[in-house]
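Can you build the whole structure from these sequences, using the hints too?
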Amino acid sequence: MENVEERVGSAKLTLVGKLFHHLGMFFMTRTLGQQVCLFFRAIASIFSKTRSFKTDSRNVILQTFFTGVEIFPILFIVATLFGAVVIVEVMTLMGKMGFDDVVGSLVVVVIIRELGPILTAFLIAGRSGSSLTTYVGSMVINSEVDALATMGVDPIRYLVMPGLIGGSIATLIMTIFFSGSAIGAGFLITKAAIILSGNALNLQLTWDYLSNEILKALTTMDFVLIIIKPLVFGCIITINACYQALDIAHDVRQVPKATSRSVIKSFLYIVCADVVLSLFYFVDYMNNLSNII
Amino acid sequence: MQDEALRIEDLHLTYRGLSGTAFSKPGAFGFFKTTKNDGDNELISGANLSLKRGETLCIGGPSGQGKSALLRVIAGLARPCSGRVFYFGEYIPPERLTALEVAKRQVGLVFQNGALISNLRVRDNIALPLRYHKKGSAAEIEEKINMAMDLMRVRDCANMFPHQLSVGMQKRVAIARSWAMDPMLLLMDEPTAGLDNYNRRNLLPLIDNMRTLFKTSIIIITHDLMMAKELGCNLCFLYRKTLTEPHSFDYWLNANNDISKVLFRDLRNSG
Chain W
1 MENVEERVGS
11 AKLTLVGKLF
21 HHLGMFFMTR
31 TLGQQVCLFF
41 RAIASIFSKT
51 RSFKTDSRNV
61 ILQTFFTGVE
71 IFPILFIVAT
81 LFGAVVIVEV
91 MTLMGKMGFD
101 DVVGSLVVVV
111 IIRELGPILT
121 AFLIAGRSGS
131 SLTTYVGSMV
141 INSEVDALAT
151 MGVDPIRYLV
161 MPGLIGGSIA
171 TLIMTIFFSG
181 SAIGAGFLIT
191 KAAIILSGNA
201 LNLQLTWDYL
211 SNEILKALTT
221 MDFVLIIIKP
231 LVFGCIITIN
241 ACYQALDIAH
251 DVRQVPKATS
261 RSVIKSFLYI
271 VCADVVLSLF
281 YFVDYMNNLS
291 NII
Chain E
1001 MQDEALRIED
1011 LHLTYRGLSG
1021 TAFSKPGAFG
1031 FFKTTKNDGD
1041 NELISGANLS
1051 LKRGETLCIG
1061 GPSGQGKSAL
1071 LRVIAGLARP
1081 CSGRVFYFGE
1091 YIPPERLTAL
1101 EVAKRQVGLV
1111 FQNGALISNL
1121 RVRDNIALPL
1131 RYHKKGSAAE
1141 IEEKINMAMD
1151 LMRVRDCANM
1161 FPHQLSVGMQ
1171 KRVAIARSWA
1181 MDPMLLLMDE
1191 PTAGLDNYNR
1201 RNLLPLIDNM
1211 RTLFKTSIII
1221 ITHDLMMAKE
1231 LGCNLCFLYR
1241 KTLTEPHSFD
1251 YWLNANNDIS
1261 KVLFRDLRNS
1271 G
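Line by line, the protein sequences give chains W and E.
Quick note: the first sequence, position 224, residue 224 per the numbering used here, numbers continuous.
Quick note: the second sequence, position 102, residue 1102 per the numbering used here, numbers continuous.
It cannot be assumed that every hint is accurate.
[Stated by the list, open to error] Residues of chain W placed beyond 10 Å of chain E at every Cβ, according to the derived structure:
id : residue
1  : Val153
2  : Ala193
3  : Glu213
4  : Ile226
5  : Phe280
[Stated by the list, open to error] Here chain W is said to cover these stretches of chain E; the calculated rule only asks that three of the stretch's residues, wherever they fall, bring their Cβ under 8 Å from a Cβ of chain W:
id : region
6  : 1091-1105
7  : 1111-1123
8  : 1127-1133
[Unchecked claim] Pairwise CB distance ranges (calculated):
id : chain 1 : residue 1 : chain 2 : residue 2 : range
9  : E       : His1163   : W       : Glu89     : 46 to 54 Å
10 : W       : Phe53     : E       : Arg1153   : 34 to 42 Å
11 : E       : Glu1230   : W       : Glu70     : 46 to 54 Å
Don't read these hints as lab results, they were simulated from the structure.
Values in this document were obtained by computation on a predicted structure and should not be read as measured data.
C-beta atoms are modelled at their ideal positions from N, C-alpha and C, and glycine is treated no differently.
Below, the structure is given as structure tokens:
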């Protein structure tokens, strides 16, 4: 880092200039900063001069299929069982405590707002994020990425960009599927449980009641965030996966390490991003509160 | 100097400059990370090289001397800690010296292991850069691929995947891929290693053709010193961290210096 000091000295930066220089260097030397840079470069590469819609769309569709369709069976089962559990818990607990009118809100909060996007993102990070890291990482090890670059094929455009767009689209679709099947199939499972157990749960559950409650509880913010959240999570997963893979030095042992780093860091970033996005709800809530007062 | 293809001035390369691919880092970032010269860690210290258009140059030397590293530097994959590299008379400053920037100037590199994209068939491997850069219509690209495959005799395995091919075949496909790009400067890392005598003899006229017909400048890294003689090109050696002056094969054969004594002993004895 001595050279940096020299260059700064030679450029005769003022104090403010130095401050911004060090801020920039601090940002650039951190993993997060480099990931943000990678994200912007991937977005920028969509609009490069050599773009061809046909090849790009094919790659993106392949990636979407890979990320989305193949994960669907597992996602469906998880969503269904999870939805059934949430519905049963909410109905029994709230009914017992006399809060029958908040059943819909709770289902919306738990499934649609929070755990739907997060669980989907976790599943996709565990499956597609890790496989993306292994795929790109193996290409780095076999110097295929270097070969791409020496042919003038931008690795970021060829590898990262389809993953980014395909991953985001697939996460969005899968999140909607997750919420849908958690409520729809979860309702059916709950019904089946009620019938099989001879109403031991003591629930009066009908589809009209549940759907009305849920529709009543949905706000405009939910519809906006059900689109924004998965897109953000998808970007986080794919950019993190590609960054960890491209960061591998030429050593085969780094591939499994990078893969586990990719998954764990994706989890971390997803939860952090979720907290940040939830601030919108707080703002919404505060606005409503002031209206009431 | 219009007829100059490549000039290297006082190039220094440390081991640190070799590690890792920089695609995860922001482009200009490596510029700040250049380390100071320290003699012990240097792989190449003070290499100078000049290559004319249409000229072929073989670089030899004992293994482990950084021949491939030098090629990686020229291709923009490794970052030298000091020194200037000129491509066709144009200087690329260090913060922009990346493989993509170098590839824009029509520099091709054939890797030692071929480095084919393993999930694409041979045909698509050759077509990938052509389609990416939109070099002509689909029919033209198809024609070019077929021509490249015919030249390297890999037409029979056009629909195979790289893992189904032998090492020598992979290398031929890699050479075909580089050839199809019409490079102005072609860097070849051990092109004849892993090839049988028949294919080796086929490769040499191809290199010769590229030189005479397309005015391609070629740098070949090789242990096969007879190749320099057969191509009639100059040889230089990377020896003890420096690059020697290029001379003809016969000069090295008869010279009385360390390199000649070590590397040409067998050739001399066999006559």
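Each hint, compared with the structure:
Non-interface call for valine 153 (chain W) relative to chain E: violated, since the shortest CB-CB distance, roughly 5 Å, does not exceed 10 Å. Even its closest Cβ contact with chain E, about 45 Å, leaves alanine 193 (chain W) beyond 10 Å, as expected for a residue assigned away from the interface. With 10 Å as the threshold on Cβ separation, the claim that glutamate 213 (chain W) sits away from chain E holds: the shortest Cβ distance comes to roughly 48 Å. For isoleucine 226 (chain W), the non-interface assignment is confirmed: its Cβ lies about 31 Å from the closest Cβ of chain E, beyond the 10 Å cut-off.
Every Cβ of chain E is farther than 10 Å from the Cβ of phenylalanine 280 (chain W); the closest lies at roughly 30 Å, confirming the non-interface assignment. Evaluation of the coverage hint for the region 1091-1105 of chain E: fulfilled, as 6 residues show C-beta separations to chain W shorter than 8 Å, against a requirement of three. Counting residues of the region 1111-1123 of chain E whose CB lies closer than 8 Å to any CB of chain W gives 6, so the stated coverage by that chain holds, three being the minimum. For the region 1127-1133 of chain E, the stated coverage by chain W is satisfied: 5 residues place a CB nearer than 8 Å to a CB of that chain, which reaches the threshold of 3.
Checking the proposed 46 to 54 Å range against histidine 1163 (chain E) and glutamate 89 (chain W) shows it holds: the Cβ atoms sit about 51 Å from each other. One distance hint, 34 to 42 Å for the beta-carbon pair phenylalanine 53 (chain W) and arginine 1153 (chain E), holds here, with the actual separation near 36 Å. In this structure the hint that glutamate 1230 (chain E) and glutamate 70 (chain W) lie 46 to 54 Å apart at CB holds, the actual value being about 53 Å.
Checked against the numbered hints listed earlier, the structure breaks hint 1 alone; every other hint is satisfied.
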